[in-house]
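Model the full assembly from the supplied sequences, consistent with the hints where possible.
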Amino acid sequence: NAGVMQNPRHLVRRRGQEARLRCSPMKGHSHVYWYRQLPEEGLKFMVYLQKENIIDESGMPKERFSAEFPKEGPSILRIQQVVRGDSAAYFCASSPQWLDGGIQYFGAGTRLSVL
Amino acid sequence: AQTVTQSQPEMSVQEAETVTLSCTYDTSENNYYLFWYKQPPSRQMILVIRQEAYKQQNATENRFSVNFQKAAKSFSLKISDSQLGDTAMYFCASTTGNQFYFGTGTSLTVIP
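Going down the list, the protein sequences come from chains L and D.
Per my numbering, the very first residue in the first sequence carries number 1; after that it's consecutive.
Per my numbering, the very first residue in the second sequence carries number 1001; after that it's consecutive.
Do not take every clue at face value.
Capping the alpha-carbon separation at 25 Å, the derived lysine to any residue pairs in SDA-like fashion look like this [claimed, not checked]:
{"no.": "1", "chain 1": "L", "residue 1": "K27", "chain 2": "D", "residue 2": "Y1033"}
{"no.": "2", "chain 1": "L", "residue 1": "K44", "chain 2": "D", "residue 2": "R1050"}
{"no.": "3", "chain 1": "D", "residue 1": "K1078", "chain 2": "L", "residue 2": "K51"}
{"no.": "4", "chain 1": "L", "residue 1": "K44", "chain 2": "D", "residue 2": "Q1006"}
{"no.": "5", "chain 1": "L", "residue 1": "K71", "chain 2": "L", "residue 2": "A2"}
{"no.": "6", "chain 1": "L", "residue 1": "K27", "chain 2": "D", "residue 2": "R1043"}
{"no.": "7", "chain 1": "L", "residue 1": "K71", "chain 2": "L", "residue 2": "Y105"}
{"no.": "8", "chain 1": "L", "residue 1": "K51", "chain 2": "D", "residue 2": "T1096"}
Derived from the structure by calculation, the hints contain no laboratory data.
Remember, it's a predicted structure, so these values are computed and weren't measured experimentally.
Written as C-alpha cells, this is what we have:
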C-alpha cells in the first residue's frame, strides 16, 4: 500500500506566478489535510477536506489560497500570485475516516521556493 | 484551540545513551490524542508514538516511550539506547480530530 504521495517534491516559482501542489492520499483514505511548515517552525494546519467537500479551512489565508479534493484524482492546493512569504514546505496528510485513532499519515512534502 | 510547547530547541546525546525530550500542551477537550513525530533530513514526517488521553498507561514502542502526565499536561518522549539514525527533528503534536497542533520541534543529534 503506497503511502501519501505528494508532487512535485520541489517547486520553484517567480513572484506573481501560480503554484499547484498535488496530493494523492493513501488507498482507502477519504480525508485529506494540508499543513505548511515555515523554516525553523512546526507544521501549521491549513485545511481539511473530504471528497468534494471542504470541512475546515480555518488555517487557510483568506486570499490567493484554495484547495480542492475532487471525486476523482488528487487533492490540489493552489496558490495564486505567489509572494516570497509563501516559500515553505507544504505537507499533505490523509486518514481513512475522522478521528481514526487520531492518526494522520503524512507525505514527504513539497518545498516551494518563490524567487 | 490547542497549543503545544517544546522548550528545547536543540539536544544531543551520546550513542547508546538515553535522552528525554519535553513537551507540554494546553487543551480544554477531554478526548484527545498526543503524538511524537520524527522528521529526518529527508523531511518525511514519521510517526514515532501515539498516546490516547483517556488511557493512563504510558505508550511504548520498542526504544521509545512516553511519560504522560495528564494533570500537568506534560508529554515527554524518552529514547533509550540512542542510535545514529535517531538524529532528526522531533515534533510533539496533539489532536481532537480535525487538525494537528504541532510544537516548534526539538533538533536531536546523536553523537557517535
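Worksheet item: Which of the listed hints are not met by the structure?
Response: 3
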